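**Student:** If you read the sequences in order, they're chains A and B.
Residues 1 to 354 in this note's numbering are what the first sequence lists, from first letter to last.
Residues 1 to 354 in this note's numbering are what the second sequence lists, from first letter to last.
Keep in mind that the hints were calculated from the coordinates and are not lab data.
Do not take every clue at face value.
Note: identical chains are not told apart, hence a pair may lie in one copy or across any two.
To be verified - With a straight-line Cα cutoff of 25 angstroms, these simulated SDA-like cross-link-like pairs (lysine to any residue) come out: (1) 325 x 232; (2) 199 x 105; (3) 199 x 108; (4) 199 x 107; (5) 199 x 290; (6) 199 x 109; (7) 199 x 104; (8) 325 x 234; (9) 199 x 111.
Note that the structure is a prediction, hence the values are computed from the model and not measured.
2 protein chains.
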Amino acid sequence: VRALRFHGAGDLRLEELDEVSPPAGWVKLRVACCGICGTDIHEYTNGPLIVPTPDNPHSLTHEALPLTLGHELSGTVVELGDRVSGFVSGDRVAVEPTIACGACAACLSGQINRCPQKGAVGLTGWGGGYADYVTLPESMLHPLPDEVSLEVGALVEPLTVGWHAARLANVGPDSTVLIVGAGPIGLGALAASKALGAKTTVVAARRHGARRTMAHNLGADAVLLSRSEDFSASLADLTRGLGVDVALETSGSQDGLDVALRSVRIGGTLVTLGLWGETANIDLNAIMLREISLIGSRGYANEYPAVIEAIATGATPDVVRMITKRVALSAAIEEGFEELANGPTDQVKILVIP
Amino acid sequence: VRALRFHGAGDLRLEELDEVSPPAGWVKLRVACCGICGTDIHEYTNGPLIVPTPDNPHSLTHEALPLTLGHELSGTVVELGDRVSGFVSGDRVAVEPTIACGACAACLSGQINRCPQKGAVGLTGWGGGYADYVTLPESMLHPLPDEVSLEVGALVEPLTVGWHAARLANVGPDSTVLIVGAGPIGLGALAASKALGAKTTVVAARRHGARRTMAHNLGADAVLLSRSEDFSASLADLTRGLGVDVALETSGSQDGLDVALRSVRIGGTLVTLGLWGETANIDLNAIMLREISLIGSRGYANEYPAVIEAIATGATPDVVRMITKRVALSAAIEEGFEELANGPTDQVKILVIP
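Make the full structure from the sequences, and use the hints.
**Tutor:** And the structure:
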C-alpha cells in the first residue's frame, strides 16, 4: 500500500508499505480524502517542526520521521480489530486525529486537546491520511451521516478548529465576530460562527483574491482588507461604533494581532488560534484599559459530533465550496504541496484523493 | 482650606482654596485619610500622565492641572447638598472615586470602570483627598460600619482593585493563586484572594524586604523571589506540579509577565492589572498551546460594598498592617511623595492625614 512519507524538509516520498491488520480496538480505513493543511506545508518547507526526529521520538507513539503525513481525513471502514463494536465494514467516517495520554489532568477532564503530550495522526505517528489505508483506534472515528460526503468529511477537522475557538469565545446568536485571516482555518472559523448563529460576521483578509471571494460565498456579512485605510471606519459602521464582541485571530502574525486588538469592543474577547513563528508585541494597557480577554485556542475536544451535525443540517454555510482542488496521491507533491509552498495562492483547500 | 495641588512633574504645592458648599446631590466631606498611590507618584515624577493639561481638559470634568491629587480617601460627612437622602452629617465613608459618563454602553450596563471617558477624583478633577475637604456626588460615598476605621477606609480603594481582578478570574474556594508583585496592589490582590476563599496563595516578590514580610503577615502561603533559581521548583511543589489556576500580574513589567505566564496552569487565567510603560513581548504560542486566558482588569465597579463587608467581617486578613506610615498634609511632599519617588522602599501604604 502506498503512503506519502516525510523524511525532512523538501523530502516527501511516495513509498510502498506493508499491509497491516488492525489490533483489538482498532479499525482499518480505506482513506477517501485528506486535506493538505498549512501545518503540513510548514513541515514540508521548514520541518521537521512538530514531526519528531529519531533522537527524540514522540512520547506516546514512540515514532519519528520518516512517517506518513495527513491529519484531515475521511475514509471507509474496511476491517475491524477484535472488540470493535461501534462500526461495521463500509461505514463512512471522519477521523479525529488527536493522540493524547489519557492520564493527565487535562485528559482526565476530557480536554484531550490540552494534553501536554498531545500528538496527532499524520504528524507524530500512527500513519496518516496521505495513504491508501490507515489503521486507527475506534475512538478516533466519527460516523458521517448520509448528508455529509466523504469530501466534506475531510473538512471536519479544520472546521472543528474554528468551532472550538468560536465556542471558547461564547459566540452565539447576538455575537458580532471578526475573523482575521481568510485561509482554511479563518474560513472554518467563519463557517463555525455562522453555524453558532453569529449576528454579524466580518472577515479581515490581507489581500484581494479567491479567498476573499470565498469568505463572501460562505456568508460573511463583510470582507475587509485589513491594511486598507478604510478598515476601521468600515468596521465601526458594521458594529455601531463599538467594535466586535469577538475577534478570532487565525493568521499568527503581528499585523493580524494588531487588527484584532483594535477591532474588539470594550469587554470583548480575542481568541488566538494561529501558530506564531516569533514573539508577539502587545499593548497590555489596551488589554487592561478595555478589559479584553485574550484566549488561546488549541485544537478541539468532544466537538466533532456537533460539527458533523451542523454540516448535515445545513447550519453551516455550504463548506464544500472550500475545496478548490483535488489531486491524486501520486500527484500530491507536485500539484498539492508545491503549489501551496510557493507563496500566496488562490487555493483554499486542496484534497488528496488516494 | 488647604489642598495639595499638582502643577506638573516635581511640582506639588500646598495651596489655600476657597470653601465651597455642596450643590444638590453632592456631599461635603472632611477628609480623614488619603493613601498615596503609585499613580500619584508616577504623576509626581513623570507627569502629567493621567492628569489632564490645559490644552486638553478632561472630557467630563472639564478640568486640567493644576488640580488636587488623592483618590484613596475616607472622610466624614460635614455638609449635605439638597436632595441628599442617604447620608447625614457625621457619617463615616469611603470614597469610590470613579468619574464616568453614565451614557455609554459600558456605563449603561453598570460597568463604569470600562467607560472610555473614565476619570477619577484626585486625578482628573472634582478635588481630591490630599485636602482638608472634598465635595463629591452622593453616589461616590460608601458608609463604613463601626468595625472599619477611617484609616482602613482609605484602603478600600486599592483593595477593590485587587478584588475586581480576582473576581474577573473567578477566584474561589478551590483556587490556587499567584500574585506577582508585593506592592499595595499586589498585597490588595492577596487580601482579596484570601477573602474570596482561595485555597493557596503565593506571592512573587522581586526582592527581600518589608513588603515580602508583609505578604507573609497578610497570610500568603508562600512568598517566593521571582528571580530565584528555585522559583519554578517551589511553585511546582505548591501546586502539585500543575501551576496555579490564576496569576494576578500587578507589576506591569516584562519580568512579572514572564513569571506569571510560566506559572499558570494549562487552561488557567492570567489577569493583567498593572499599567505598562512599554509594549510587552509575549509568547502567544504558550497562550495558545496551553489555552490560557489573559484578561485585563481595570479598576472596579459595584464592588465597594462587598470589600467593606469583607473587611468588617474579618474575611480579609488584617489589612491595617498595610499602613506603614502616617504623615500630615503639610509634610506629605517631603515625608510621603519624596520617599516613594526615590526608588525601592520598604513602605507599603503611606496615609496622608489632613
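**Student:** State for each hint whether it applies.
**Tutor:** How the hints compare with the structure:
Taking CA atoms no more than 25 angstroms apart as the test, residue 325 paired with residue 232 passes in neither setting, with 34 angstroms inside one copy and 49 angstroms between copies. For the identical chains of this complex, residue 199 and residue 105 are inter-copy neighbours only, at 18 angstroms across copies versus 36 angstroms inside a copy, given an alpha-carbon limit of 25 angstroms. Only between protomers do residue 199 and residue 108 lie at most 25 angstroms apart by alpha-carbon distance; the minimum there is 22 angstroms, versus 35 angstroms within a single protomer. In this homomeric assembly, residue 199 and residue 107 come within 25 angstroms of each other (Cα to Cα) only across copies, at 23 angstroms, whereas the closest approach inside a single copy is 34 angstroms.
Taking the shortest alpha-carbon separations for residue 199 and residue 290, only the intra-copy value of 22 angstroms comes in at or below 25 angstroms, while the best inter-copy value is 29 angstroms. In the homo-oligomer, the alpha carbons of residue 199 and residue 109 lie at most 25 angstroms apart only across protomers (20 angstroms), although the nearest pairing inside one protomer, at 32 angstroms, exceeds that limit. In this homomeric assembly, residue 199 and residue 104 come within 25 angstroms of each other (Cα to Cα) only across copies, at 22 angstroms, whereas the closest approach inside a single copy is 38 angstroms. In this assembly of identical chains, residue 325 and residue 234 lie within 25 angstroms of each other by CA distance neither inside one copy nor across copies; the values are 33 angstroms within and 54 angstroms between.
In the homo-oligomer, the alpha carbons of residue 199 and residue 111 lie at most 25 angstroms apart only across protomers (24 angstroms), although the nearest pairing inside one protomer, at 29 angstroms, exceeds that limit.
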